[in-house]
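Under the UniProt record's numbering, think of the first position of the sequence shown as 1, with each following residue one higher.
Simulated from the structure, these hints should not be mistaken for lab results.
Computed from a predicted structure; not experimentally measured.
Check before you lean on any hint, since a few could be wrong.
[As the list claims (entries may be wrong)] Between beta-carbon pairs, the in silico distance windows are:
id	residue 1	residue 2	range
1	Lys29	Ala105	20 to 28 Å
2	Ser91	Tyr51	19 to 27 Å
3	Glu67	Ser98	50 to 58 Å
4	Val15	Leu35	37 to 45 Å
5	His130	Asp71	35 to 43 Å
6	Leu35	Asp3	38 to 46 Å
7	Arg185	Gly164	34 to 42 Å
8	Met54	Asp21	44 to 52 Å
9	Lys147	Ala84	37 to 45 Å
10	Lys79	Ser53	46 to 54 Å
11	Met65	Lys174	37 to 45 Å
12	Met54	Gly87	50 to 58 Å
13	Lys29	Arg70	50 to 58 Å
Positions of the beta carbon are idealized from the N, C-alpha and C atoms, including for glycine.
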Amino acid sequence: MSDDFDEFLREMAGVKPLASDVIEPKKEKPTAAQLARREAAEKHLADDINYLSMEFVEFVEPEAMIEFRRDGVQHGVFKRLKQAQYGIEASLDLHHHSLRRAREALFEFIQLCHRRGVRSAIVVHGMGRHSKPHPALLKSYVAKWLKQLEPVMAYHSAQRHHGGAGSVYVMLRKNSEHKNENRERHQKRS
């Protein structure tokens, strides 16, 4: 064994040890293509004002009725929404939309309805009995997203003649213009 060690020392006789045993990683500057991709991605994030989450969703059954109402929505108002006693002023059909496209379409639809003063709308999402990887995937996300949208005051699965569990009535809050009109109208009465 000492012969091997002696031979090793002879071979290493003229070798100088390294000053440091730490190797600094080589810092390469990003290429022009990488910089362009990064800039485009950052711009896309800045331009995307759609805050609807694509994260975890609580799955609902295809036949399940979905409903939601914010604090302050009176029971009678919610009951009239549920019974389709408010005229449907706008509709959105999400059949055959991918999840990402449905997210964009729903966000744009609700924002547009709110700007135009629409108070009652219907969203057709379908039952999703055969959707993959989970039944009622789109329906589950629509139920989640509507809760996240600030203009949405309440929603409830539609009556059978409007699509039943495959559609949802949506009640929107008044926009600031309609609130001001209401305020002026009621002040004139006093």
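Exercise. Which numbered hints does this structure break?
Worked result: 1, 3, 6, 9, 10, 11, 12
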